[in-house]
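K.L.:
What follows is the residue order along each chain.
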Amino acid sequence: DIVMTQAPLSVSVTPGESASISCRSSKSLLHSNGITYVYWYLQKPGKSPQLLIYRMSNLASGVPDRFSGSGSETDFTLKISRVEAEDVGIYYCGQLLENLWTFGGGTKLELK
Amino acid sequence: QVTLKESGPGILQPSQALSLTCTFSGFSLSTYGMRVSWIRQPSGKGLEWLATIDWDDDKYYNPSLKSRLTVSKDTSNNQAFLKITSMDSADTATYYCAWRRGDYWGQGVMVTVSS
Numbered sequence: 002d003i004v005m006t007q008a009p010l011s012v013s014v015t016p017g018e019s020a021s022i023s024c025r026s027s028k029s030l031l032h033s034n035g036i037t038y039v040y041w042y043l044q045k046p047g048k049s050p051q052l053l054i055y056r057m058s059n060l061a062s063g064v065p066d067r068f069s070g071s072g073s074e075t076d077f078t079l080k081i082s083r084v085e086a087e088d089v090g091i092y093y094c095g096q097l098l099e100n101l102w103t104f105g106g107g108t109k110l111e112l113k
Numbered sequence: 002q003v004t005l006k007e008s009g010p011g012i013l014q015p016s017q018a019l020s021l022t023c024t025f026s027g028f029s030l031s032t033y034g035m036r037v038s039w040i041r042q043p044s045g046k047g048l049e050w051l052a053t054i055d056w057d058d059d060k061y062y063n064p065s066l067k068s069r070l071t072v073s074k075d076t077s078n079n080q081a082f083l084k085i086t087s088m089d090s091a092d093t094a095t096y097y098c099a100w101r102r103g104d105y106w107g108q109g110v111m112v113t114v115s116s
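In order, the protein sequences belong to chains P and D. FYI, in my numbering the residues of the first sequence are 2 to 113. FYI, in my numbering the residues of the second sequence are 2 to 116.
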């Protein structure tokens, strides 16, 4: 199985400041087709997860451009610029390289 | 507009089998490239993928749970199903179905295993 490891476990951010969340995979997520199969999700309190970023750096429909994804073959970063109150929740990275989906443990974002 | 909604028994006893239904709209599971996945989340914990069924009836299972899982679909009624055998208290969780790579998720259904 591909293991996804997130850091930190939690982050506290002042509204208007930026935040970064890291995710590392135990295996390269770069497919031979050139696509890196890493995804980012946000689960707001009491809600279902929602897709933020697909294939490492593509913004999902309706997601503000304050969110961005980047990375290499095994190390990935979600950056949130100008954090707002609506960004509070738990962020998960996930991978879908081999049709076997795995998720990171989650990073909780709180406001200062 | 894609929507998904899970349904299930809510509570069941240890050793019983769980049967879940995902009723969806906005896409057909007989269309090329479509897929529905099942994911669960124990209260206060992270996400665990369980199974996926593709438009062409290909099926994928979490290796650690594979012997207990069966995923299926009814394309004419826009439904996907998940069966889990030998339920235990450790299987108590909210169960979600999701479209494709998690582009859309259902609201989740809480399942409690208790005697």
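Treat the hints as calculated values from the structure; they're not laboratory data. Hints are supplied without guarantee of correctness; some may be wrong.
Said to hold, decoys possible - Straight-line distance between alpha carbons at most 20 Å, and here's what the computed SDA-like set of lysine to any residue pairs gives: (1) D:Lys60 to P:Asn100; (2) P:Lys28 to D:Ser65; (3) D:Lys67 to D:Asn79; (4) D:Lys67 to P:Ile91; (5) P:Lys109 to P:Thr78; (6) P:Lys48 to D:Val110; (7) P:Lys48 to D:Ser65; (8) P:Lys48 to P:Ala86; (9) P:Lys45 to D:Lys6; (10) P:Lys45 to P:Asp66; (11) P:Lys113 to P:Ser49; (12) D:Lys67 to P:Glu111; (13) D:Lys84 to D:Gly45; (14) D:Lys46 to P:Ser49; (15) P:Lys48 to D:Asp59; (16) D:Lys46 to P:Gly17; (17) P:Lys48 to D:Arg102; (18) D:Lys60 to P:Gln44; (19) D:Lys46 to P:Glu99; (20) D:Lys46 to P:Glu111; (21) D:Lys60 to P:Lys45; (22) D:Lys46 to P:Leu98; (23) D:Lys67 to P:Glu99; (24) D:Lys6 to P:Gly17; (25) D:Lys46 to P:Thr103; (26) P:Lys48 to D:Thr95; (27) P:Lys48 to D:Arg101; (28) P:Lys45 to D:Ser29; (29) P:Lys28 to D:Glu49; (30) P:Lys45 to P:Leu98; (31) P:Lys48 to D:Thr113; (32) P:Lys109 to D:Gly45; (33) D:Lys46 to D:Thr4; (34) D:Lys60 to D:Ser29; (35) P:Lys113 to P:Asp2; (36) P:Lys45 to D:Ser115.
Said to hold, decoys possible - Ranges of calculated distance between the beta carbons of each label pair, as one might list FRET restraints: (37) P:Leu101 to D:Pro43: 14 to 22 Å; (38) D:Ser115 to P:Pro16: 18 to 26 Å; (39) P:Pro16 to D:Pro43: 28 to 36 Å; (40) P:Asn100 to D:Ser87: 23 to 31 Å.
Bear in mind that the values here come from a model prediction, so they are computed numbers and not experimental data. Even for Gly, the Cβ is constructed at its ideal location relative to N, Cα and C.
K.L.:
Checking against the hints above, which ones are violated?
P.N.:
Numbers 3, 4, 7, 11, 12, 13, 15, 16, 18, 19, 21, 22, 24, 28, 30, 33, 35, 36 and 38, in rising order.
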